[in-house]
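Listed in order, the protein sequences are those of chains A and B.
Residues 429 to 601, numbered by this note's numbering, are exactly what the first sequence covers, in order.
Residues 40 to 165, numbered by this note's numbering, are exactly what the second sequence covers, in order.
Please note: incorrect hints may appear among the correct ones.
To be verified - List time: in silico DSBU-like cross-link candidates among lysine-lysine, alpha-carbon distance up to 30 Å:
1) B:LYS150 - A:LYS533
2) A:LYS594 - A:LYS562
3) A:LYS594 - B:LYS46
4) A:LYS506 - A:LYS562
5) A:LYS506 - B:LYS48
6) A:LYS558 - B:LYS46
7) A:LYS558 - B:LYS48
8) A:LYS558 - B:LYS53
Derived from the structure by calculation, the hints contain no laboratory data.
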Amino acid sequence: LDATLIKFVSDYHIGDFASIIGVFISLIGFGFTLRNVIRSREAAERAQAAAQVARNSIRTFETVVDFTGAIALPEEIKRAHRNQQWILLPDRYATLRKTLIGIRKTRPDLSAHQLSVVQATISNLSDLEKLVEKSLPNVPANSHARFNALLSVNIDELAGVLAELKFPDAGAP
Amino acid sequence: MMMAYAKQKQLVNKLSQLTRASAIDWMESATHDAFQVSFRDNTVKIRIRPSSQATGSDDVEVQLINSSGELVESFTDVNLSSDSEDPPGHWYQLMLELHDAARRKALGVDKVIDDIMSDLNEIVPF
């Protein structure tokens, strides 16, 4: 039986066919492997993109929270101006200025316009700090009106930036 | 000594050019009669101040503020004039015009005039 089988295999070149079929099966297997590798890579890229979107959302949320706080502070400063609490104000100016510097450092992707709004507020706060510090303890009584007018402009512009961050699709100037 | 203020002159010329083109949004500053424009990381401020010399006239001063709100550079028309062979009064005139244009922009003077003119043009005299 063995001899018959060997002869059959030899006569009909079964070994050659088996080799050729083996090559085809290897190629098909390789194709499947390649497809799975590509799929895995695409899945990894999608996961990475989703993670990036999540990171951006968290960062935007944090910036919105920081901006909301930064807008609340000048309102407090305006009240302190009206109440002539000059002695407390240099520290508050400095606190707000540092908050804004921190926001700018953590969000370098803010637009040029948004960064210029932050910079204008920082510059004004620095001016106010120096003016009040220099005038203490006798800050001119009518100074608060001018200071508050200036801060109101800054608050309005910061609120505009906040709105742009919250609703980026609404369009920025 | 000469051309120590070359960059400052370029800056003043550029600011004048862009201000004339209404491309810069000057704003009021905390200091009286001083106006400022802020960019990404810096602020430029322009103001009139009593002259440091006994000429009786005022100087126009430009201040450069960094990202922390600190004053890092200031110069006047007198500095620029002493560093150039331009006609006397050239830098004073240019910087005074820049200050005036900044004031008009910051206070919205031209817009107010345009609005009033627009309203006046709508009035039909009988």
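Verification of the supplied hints:
The hinted pair formed by LYS150 of chain B and LYS533 of chain A fails the criterion: a straight-line CA distance of about 36 Å is larger than 30 Å. Only pairs whose Cα atoms come within 30 Å are accepted, and LYS594 of chain A paired with LYS562 of chain A is rejected, the gap being roughly 39 Å. Under the criterion of a C-alpha separation no larger than 30 Å, the hint pairing LYS594 of chain A with LYS46 of chain B is inconsistent with the structure, at around 40 Å. Taking the CA atoms of LYS506 of chain A and LYS562 of chain A, the gap is near 19 Å; set against the 30 Å cutoff, the hint holds.
Taking the CA atoms of LYS506 of chain A and LYS48 of chain B, the gap is about 38 Å. The hint is violated against a cut of 30 Å. A threshold of 30 Å between alpha carbons decides the hint, and for LYS558 of chain A with LYS46 of chain B the separation of about 28 Å falls inside it, so the pair holds. A C-alpha spacing of about 28 Å is found between LYS558 of chain A and LYS48 of chain B, which places the hinted pair at or below 30 Å, so the restraint holds. With a CA separation close to 29 Å, the supplied pair LYS558 of chain A and LYS53 of chain B stays within the 30 Å bound.
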